[in-house]
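A.B. asks: If you read the protein sequences in the order shown, they are chains B and C.
Per my numbering, the first sequence starts with residue 18, numbered consecutively.
Per my numbering, the second sequence starts with residue 223, numbered consecutively.
Derived from the structure by calculation, the hints contain no laboratory data.
As the structure is a prediction and not an experimental result, all values here were calculated from the model.
Where hints are given, some of them may not hold.
[Unchecked claim] With a Cα cut of at most 30 Å, we get these calculated DSSO-like pairs of lysine-lysine:
| hint | chain 1 | residue 1 | chain 2 | residue 2 |
| --- | --- | --- | --- | --- |
| 1 | C | K227 | C | K384 |
| 2 | C | K384 | C | K232 |
| 3 | C | K384 | C | K243 |
| 4 | C | K384 | B | K19 |
| 5 | C | K243 | C | K232 |
| 6 | B | K19 | C | K243 |
[Claimed, not checked] Some, not all, of what chain B presents toward chain C, calculated at C-beta under 10 Å:
| hint | residue |
| --- | --- |
| 7 | R33 |
| 8 | D37 |
| 9 | T38 |
| 10 | P43 |
| 11 | M65 |
| 12 | N87 |
| 13 | D170 |
| 14 | F172 |
| 15 | A196 |
Glycine residues also receive a C-beta, built at the ideal position from the N, C-alpha and C atoms.
Residues per chain are reported as follows:
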Amino acid sequence: MKPFTRRTAVAAVLDRADVDTDQIMPKQFLKRIERTGFGEFLFFDWAMDPGFELNRPEYRGAGILLAGRNFGCGSSREHAPWGLQDGGFDVVIAPSFGDIFRQNCIKIGLVPIALPAAQVKRLQQFGGRELTVDLEQQTIEDPSGELTPFPFDAFERHRLLNGLDDIGLTLEHEDAITAFEAARG
Amino acid sequence: MTVGKSLFEKIWDAHVVHEAKGEPTLLYVDLHLVHEVTSPQAFDGLRLAGRAVRRPDLTVATMDHNVPTLPGPIEDPLARAQLDALRRNCEEFDVRLYATGSGREGIVHVIGPELGLTQPGMTIVCGDSHTSTHGAFGALAFGVGTSEVEHVLAAQTLPLVKPEQTLVRFDGSLPPGLTPKDVVLGMIGQVGVAGGVGHVFEYAGEAIRGFSMEGRMTLCNMSIEAGARAGMVAPDDTTFGYLERREFAPTGGEWERALDRWRAFASDDGVRYDREIVVDVEALEPQVTWGTNPGMVAPVGGVVPDPAQYADPDDRGAVERALAYMALEPGTPIGEIRIDRVFIGSCTNARIEDLRAAAAVASGKRVAPGVTALVVPGSAAVKRLAEEEGLDRVFVAAGFEWRNAGCSMCLGMNPDVLQPGERCASTSNRNFEGRQGRLGRTHLVSPAMAAAAAIAGHFVDVRELDVEAVPA
Ligand code: SF4
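Full structure from sequences and hints, please.
C.D. replies: Spelled out as structure tokens, the structure:
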């Protein structure tokens, strides 16, 4: 997993509640057996509508997504965060996330930041402009110069900052796993 | 009063492999279910890192999402490649596979319980959000992503932050004609699609005790639609009765010892839940969703809501978009919504009891002109049993199509899809935009309500169906 410390990028706004992973990565692309190349299918069905928010020219090259509450609810498909990451996004900021989606983001190094709804709305006014997300400092800097602090689980932050492989970390406890298995017979 | 332990806490505590302050808990996984869609990249990851599957004996794979439900070869080259990849991966890593044609295949959440693999007190994961289904047996079961699938394959454990727990208490007894699907849709309508985020739901109450295992599975299956990580029902004699003599259930003295162990997985008195939700079962009517998530639901006697009723601008925006997508006008009586397709199937409602309920409604009647209706059993075993009972003949005589097992039109990754603009009464679990086919419109209902809609050509209260279907 590639480490994440800080990124300055254009923020795109998708202010809709309860966006499910079926929308982020529609099922017709789930038959692929590769892990890469999902970016071009991101929001595929919605993107066919020229009026779709993320089609706006000012969002071209965006790396930060400002989304609505319960973003990424529904299906467990990791293809959704793969698509976001492959499509250039390193950070998603929303009032809340679907549990499995959030977990999947963390696993692949896509940073999910939960902020109170009012703060997300405030940041949305900077859509099309650059924000700087600093995971080390746990702050978001906007074009007004204001720094918005955000909470983040300390262990997950450590993993993301260092790009640590989860399986590698777990296998450090191999003895404990073996002992657990032995104890149950 | 002393603080008791809940079912969830008992299972959690019994599976802790490693714990340290400031770190997620390493939890042991007893059963890992695998299907073709969310596993290929996980097996690739193992190969890249030169890792083996740690416990092939605790890993079981099946084919469900991509398989066509009509006999014959798989036309779609991508679907075929994904199924072939699963077959190769299972051979290479020595994982048990119930492939199409094996007689034991079916939707992963149908076959786990029916083979007796799912048992009380277990931790169960699968790269699929509806893994919550298995919680019906008093197991802690939840969906994971592909990275976590790889993790479990490699280490048979998962690092997890302990979720909070909610007691969902269903008050009152189930009114006649109401089904577990109506109860769970009503619950989701009440708590919302994000109501369970970060929580495990424990379901309790008289109505739940009266549910069969099929009904409990329907309920737990849709926990994720309320955003909950998992849903669980404490095991009881109904659970044990279902499991006894299943292929992988313990036998003889083992069975007796298992019963003793399993009985302990009830919640103690005096448990401190982080939250409690009460659902009044007696106030519920058969439910029909009108929108694009399972929380957008109304009683069959109700109407499509008006976005103007919603004070919260996010809610209003969501309802406006949903009604535009669904092509519905505010105030339209649910009973006046006409349908083109009916889908009876999915891991929510394709077990034998679901098919019996639908067949009872369909028996001696005819699918309305212009409506196409599909019945897709949840597994090869459900199909065999239904055929022994003659349900297939009831359906076919009434004009329904009778298919082979699979996920089918629940998500349309196979040839069973809605065409743009088609409106479907579906017994599945998600009415998301495009879920059953691009621009398709899905209304979630119970199997009996779906069969009733097939006969009437529009939604109708199944409790009044014998009164004669309302003519168009
Ligand atoms: S039936 Fe539908 S929800 Fe269930 S596993 Fe298959 S695709 Fe997923």
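A.B. asks: All hints are to be evaluated individually against the structure, with a verdict given for each.
C.D. replies: Outcome of the hint check:
{"no.": "1", "hint": "C/K227 x C/K384", "result": "14 Å, holds"}
{"no.": "2", "hint": "C/K384 x C/K232", "result": "13 Å, holds"}
{"no.": "3", "hint": "C/K384 x C/K243", "result": "13 Å, holds"}
{"no.": "4", "hint": "C/K384 x B/K19", "result": "26 Å, holds"}
{"no.": "5", "hint": "C/K243 x C/K232", "result": "20 Å, holds"}
{"no.": "6", "hint": "B/K19 x C/K243", "result": "26 Å, holds"}
{"no.": "7", "hint": "R33", "result": "7 Å, holds"}
{"no.": "8", "hint": "D37", "result": "5 Å, holds"}
{"no.": "9", "hint": "T38", "result": "9 Å, holds"}
{"no.": "10", "hint": "P43", "result": "6 Å, holds"}
{"no.": "11", "hint": "M65", "result": "9 Å, holds"}
{"no.": "12", "hint": "N87", "result": "4 Å, holds"}
{"no.": "13", "hint": "D170", "result": "7 Å, holds"}
{"no.": "14", "hint": "F172", "result": "5 Å, holds"}
{"no.": "15", "hint": "A196", "result": "8 Å, holds"}
No hint from the list above goes unmet by this structure.
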